[in-house]
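Participant: Got chain F; can you put chain E on it based on the hints?
These protein sequence lines are chains F and E, in that order.
Heads up: the first sequence runs through residues 242 to 612, numbered per the numbering used here.
Heads up: the second sequence runs through residues 59 to 156, numbered per the numbering used here.
None of these hints come from the bench; they were simulated from the model.
One or more hints might be untrue.
The calculated lysine to aspartate or glutamate pairs, modelled on DMTMM-like cross-linking and capped at a C-alpha distance of 25 Å, are [said to hold, decoys possible]:
#: 1; chain 1: E; residue 1: Lys70; chain 2: F; residue 2: Glu278
#: 2; chain 1: F; residue 1: Lys253; chain 2: E; residue 2: Glu145
#: 3; chain 1: E; residue 1: Lys70; chain 2: F; residue 2: Asp310
#: 4; chain 1: F; residue 1: Lys435; chain 2: F; residue 2: Asp342
Quick caveat, the model's predicted, so the values are computed rather than measured.
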Amino acid sequence: MSGVRVLVGTRKGAFVLQADGKRTRWDVSGPHFGGWEIFHMKGSPADPNRVYVSQGTSWFGQLIQRSNDGGRSWEPVGNQFIYEGGTGTHLWYDGTPHPWDFARVWHLEPSLTDPDTVYAGVEDAGLFRSTDGGQSWHELPGLRRHESASGWQPGAGGLCLHTILLDPQNPARLYVAISSAGAFRSDDAGATWKPINRGLRSEQIPDPTAEVGHCVHRMAMHRARPNVLFMQKHWDVMRSDDAGESWREVSGNLPSDFGFPIDVHAHDPDTIYVVPIFSDSEHYPPEGKLRVYRSRTGGNEWEPLTEGLPQRDCYVNVLRDAMAVDALDDCGVYFGTTGGQVYASSNAGDTWAPIVRDLPPVLSVEVQTLR
Amino acid sequence: MIRVVLPAHLRKLAHVDGEVQLEVEGVVTQRTVLDTLEARYPALRGTIRDQTTWQRRPLVRFFACEEDRSHDSPDTPLPEAVAAGVEPFLILGAMAGG
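Extracted from the complex, chain F is given alone in its bound form:
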């Protein structure tokens, strides 16, 4: 019996939404960790019962929770994230040097093959790894020691490492994205890194085509074609066909190319999804219409997907980690809003229906396909 488990992180707790393969009737569990911010939760591709959660508040700091039974029970694991060696400095908002200072875990990316190995992207930007199921965390310091790091500057949301992509065909290759430093690739399992931002253009920085300094909002890849990357940048939807060596814009006919999430259809590497947002200063959909846009051509030609989504007076946002796809035969697409709705489509975006409408603001959505 196939099914899906949707893992939803919100401002005030975690929720687990589960359905069979038809995806019409949902069991809603939660709030787990009520009152805590759940920045991200994600299941292990190698063991769907293993789920990791980033939990925190400004009061009591960062916690990591782990489940070994698919989210029915939880145990706190290690929460010590110590930068390796001298912490060095990055640039602060006023342009002065600022010491690296751990704030929170934005994103957890479990290994594709080992349930006990998981990566954590943190603010201030750094990459950590645990190989013991989250009990202990060790930095991969090569990223933060990149020669450009002293010039990295935070975006309004902080200097956060929010995207981690693992190449399923090359275990030594990882990608990360940092706001607002840009995208980076490692070909030696995280020991060393290179910026991969050629082709990006950001009018909000002094040199619009600089090697680093771009506010990448999200990147996505399809597991069957990992050299092709898609990116939602602060403005612009971008595509790379050479593992990030170069990028070209594929915003095409989108009503706005500002946005946060981007994702790829589970079975068609050229079908991608974005949620256009009006502008960098007005974080809501254009015209008050919540529309997912789908391209079946890998970008440039986009169609609005509206059936079942509010088409008037809608002023929610969809955050960067709040969209995901399942891998059932009819690919499901899911996203959560800052208004507390989680929408699902069981037909690749043709039609939508809310699973829940009134959660706290949604920070992240991930999906596990259960077989």
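Facilitator: Relative to chain F, chain E alone:
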């Protein structure tokens, strides 16, 4: 026996109801109370004070005998009434406005 009152979030995290009672060896200070508390409830490590610098988290407050002890040295002896278990040592999250 030292009585410690935790905020609701931390009671849930530690899976305790009501006050926590601790046997603290030596002089009863913030540091020795928190050392004992964290040894009994490892899930609380890092939630009250930093695990490296041992500094109180900025939005956590310590009260005892109707006084704010948050800015005391962690090695200052707590009031005799706390050490004797007459009064609790209160750990609070700062009030959120708005």
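Participant: Next step is simple, just say for each hint if it's right about the structure.
Facilitator: These are the hints, each one checked on the structure:
1. E/Lys70 x F/Glu278: holds (15 Å)
2. F/Lys253 x E/Glu145: It is violated: about 33 Å lies between the C-alpha atoms, which goes past 25 Å.
3. E/Lys70 x F/Asp310: Measuring from Cα to Cα gives roughly 20 Å; hence the hint holds.
4. F/Lys435 x F/Asp342: Roughly 23 Å between the alpha carbons, so the hint for F/Lys435 and F/Asp342 holds.
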